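Residue numbers (the working numbering), protein chains in the order written: chain A, -18 to 344; chain B, -18 to 344.
Take the hints with a grain of salt, since some may be wrong.
The list cannot tell twin chains apart, which means a pair is met if one copy fits it or any two copies do.
Computed cross-link-like contacts, DMTMM-like style, restricted to lysine to aspartate or glutamate with a CA-CA straight-line distance of at most 25 angstroms [what the hints assert, rightly or not]:
(1) Lys253 x Glu219
(2) Lys308 x Glu344
(3) Lys276 x Asp326
(4) Lys277 x Glu265
(5) Lys233 x Glu147
Read the hints as simulated data drawn from the structure, not as lab findings. Please read these numbers as outputs of a predicted model, since none were measured by experiment.
Protein chains: 2
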Amino acid sequence: MSDTRYLQGPLWNNTYVVVMAGGIEGRFWPLGDETMPKQFLDVMGQGKTLLQMTVDRFADRLCPVENIWVVTSENFRQIVINQLPQVPDGNILAEPCRRNTSPGIAYASWVIKSKNPQANVIVTPSDHYIDPLPLFCKAVSVCIEFASETDSIVTMGIRPDYPATEYGYIEADLRYPSPTSPNIFRVDSFKEKPEMALAERYVREHNFFWNSGIFIWNINTIVNAYRVYQPHVAEAFETLMPLLGTDQEHDKVQKLYENLESISIDYAIMEKTEEIYVYPSEFEWSDLGSYSSLKKRLSNDLRGNACVGNGIRLFDTDNCIIHVSGKKQVIVQGMDGFIISEYDDKLLICRLSDEQRIDLFRE
Amino acid sequence: MSDTRYLQGPLWNNTYVVVMAGGIEGRFWPLGDETMPKQFLDVMGQGKTLLQMTVDRFADRLCPVENIWVVTSENFRQIVINQLPQVPDGNILAEPCRRNTSPGIAYASWVIKSKNPQANVIVTPSDHYIDPLPLFCKAVSVCIEFASETDSIVTMGIRPDYPATEYGYIEADLRYPSPTSPNIFRVDSFKEKPEMALAERYVREHNFFWNSGIFIWNINTIVNAYRVYQPHVAEAFETLMPLLGTDQEHDKVQKLYENLESISIDYAIMEKTEEIYVYPSEFEWSDLGSYSSLKKRLSNDLRGNACVGNGIRLFDTDNCIIHVSGKKQVIVQGMDGFIISEYDDKLLICRLSDEQRIDLFRE
Chain A
-18 MSDTRYLQGP
-8 LWNNTYVVVM
2 AGGIEGRFWP
12 LGDETMPKQF
22 LDVMGQGKTL
32 LQMTVDRFAD
42 RLCPVENIWV
52 VTSENFRQIV
62 INQLPQVPDG
72 NILAEPCRRN
82 TSPGIAYASW
92 VIKSKNPQAN
102 VIVTPSDHYI
112 DPLPLFCKAV
122 SVCIEFASET
132 DSIVTMGIRP
142 DYPATEYGYI
152 EADLRYPSPT
162 SPNIFRVDSF
172 KEKPEMALAE
182 RYVREHNFFW
192 NSGIFIWNIN
202 TIVNAYRVYQ
212 PHVAEAFETL
222 MPLLGTDQEH
232 DKVQKLYENL
242 ESISIDYAIM
252 EKTEEIYVYP
262 SEFEWSDLGS
272 YSSLKKRLSN
282 DLRGNACVGN
292 GIRLFDTDNC
302 IIHVSGKKQV
312 IVQGMDGFII
322 SEYDDKLLIC
332 RLSDEQRIDL
342 FRE
Chain B
-18 MSDTRYLQGP
-8 LWNNTYVVVM
2 AGGIEGRFWP
12 LGDETMPKQF
22 LDVMGQGKTL
32 LQMTVDRFAD
42 RLCPVENIWV
52 VTSENFRQIV
62 INQLPQVPDG
72 NILAEPCRRN
82 TSPGIAYASW
92 VIKSKNPQAN
102 VIVTPSDHYI
112 DPLPLFCKAV
122 SVCIEFASET
132 DSIVTMGIRP
142 DYPATEYGYI
152 EADLRYPSPT
162 SPNIFRVDSF
172 KEKPEMALAE
182 RYVREHNFFW
192 NSGIFIWNIN
202 TIVNAYRVYQ
212 PHVAEAFETL
222 MPLLGTDQEH
232 DKVQKLYENL
242 ESISIDYAIM
252 EKTEEIYVYP
262 SEFEWSDLGS
272 YSSLKKRLSN
282 DLRGNACVGN
292 GIRLFDTDNC
302 IIHVSGKKQV
312 IVQGMDGFII
322 SEYDDKLLIC
332 RLSDEQRIDL
342 FRE
């Protein structure tokens, strides 16, 4: 149990979380790879995987643990069960094939609506970094209250702390706070990952926020949005409803997914809907998309080295990230600007400035 | 069985080898350390430890395997038994404490004399590199023939291929070949590890040879030398003779060693005796005293990298030595002049030019 519940009364019982855990980001080789993507790894070296840390952010703080649902792919189902013993197995929805985020969110939405037509839902990636937790929980609880009272979609925006070219941006209209909450603003537009010059402009202009991929809505809002913008998807999941919890659910999902378009929730819904808002958050956030971005979020020593592992000793070494399994005894001398990563009989030593080439090295 | 016996008739049966395997050189951390010194490691990556390669050089080539004796310390005895199943356990002489090379050689000499008073003996370190084998066997067989016919000690000298400052040198008097063998010369003096300028002079003068630590002699020659130059040692082992092979041998050795001086065979005998010769050898030799010297003896790729391990892939990498256990999958990018060594949950990354500091890093 956590110290604090950030929501009370009916809002507590009506809050649901959909954790998206089907991605196959493989950036942290050799810690993981396509068969063990980063949500299932303890990349921060805190004894918990990113998926576990994600669930911990919500469970017993923003909702009861029984209200946490996980969307993943068939082949990761057992990993999720192992990593999340506190989440009921029935809350793990396994997609038979990869179809980007929209179909998975629809699947979870129809299932949750069948359980609780008053549900307010937070959709969250499972492989991101967020800190500090109280700031996050407070922000989410504000958004939940807002979403429960309106037919609006709320996106969690992150105030950029540098001109990132690796994130999408949300442009807010700061002249129009929402009628009920002074910290929630109407979204003007969604922006693709920008070039550096554009990213710098976004940061200068103060009304652009990183798109964290965290969305909050009332269950009826999202189901209606699917009905309007993705009618064939809505129809598909309507036909699934009578089979939920029966022996036929699995086969039906299998068949239904074959015909679903692979599309992100951003393209399918976000960019089309009118009633969409952004909450500019103050917590630190990262998608941990690379060793460099991980290094930024780990504590660095005075020479700019970040270490995960208990037995690491550095000499004449600067600006490195060293990531090794628990008790591995490591001595590093004379290095500057390198990734040193070791896991499960695999070792990577590579310049941080060349980390985009890691996948090429593996071929 | 090997293809070739380099000795025939009585010389074959009378040839004995004493392998000195009690040293605690720890230079190849993390492959080994003081508890598993380099003679017990597969530093060349050939599937055999240096001790095993040493024994293979002699067994069935220069003598029957039953004539091979190993001097080691009590705490390494089981390692030797495990690594040399072909050598009779009784041929492994365990010293109760470290006393440098002289007492161990005396111990083996008295034991061998008790088995065969006609023995000709080769004393050899267990942790050196020698190649090619036929040249080595030929050289040793010439020395054995010489030693069997004279009361001389023969040292195996190595023609230096660079001005090494890490080896001792033997100064030969090339005007005096031995009466019976044109390739064996009288020794003028033994020289300590020289400064660079002196080493360069030695190399220029053509009559200086590296002291390989390989000695060949008739058993009576060495026993008599001990009687003359180390009379208390001779006396000690005389008293051991009646107890050889009995339950009391172990206790007696224990007691006897307590009172023996720690001294090398070089100081105790070599530098004092008159009848001493050197055979200038043509084979490649190294004491493998460091990663640098190991790298010299491994095959290097076009960019000067030497790899031990089957799963190593290099990119933009030069002048490195990479030494990892068998199937470890390793990717190295952007490195120049480094040691990368991994074994048994320990990893070392260190500039080759700083390898003298490895022991300091471990403290």
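These are the hints, each one checked on the structure:
| no. | hint | result |
| --- | --- | --- |
| 1 | Lys253 x Glu219 | within (22 angstroms within a copy, 100 angstroms between copies) |
| 2 | Lys308 x Glu344 | between (29 angstroms within a copy, 17 angstroms between copies) |
| 3 | Lys276 x Asp326 | both (22 angstroms within a copy, 23 angstroms between copies) |
| 4 | Lys277 x Glu265 | within (11 angstroms within a copy, 51 angstroms between copies) |
| 5 | Lys233 x Glu147 | neither (37 angstroms within a copy, 75 angstroms between copies) |
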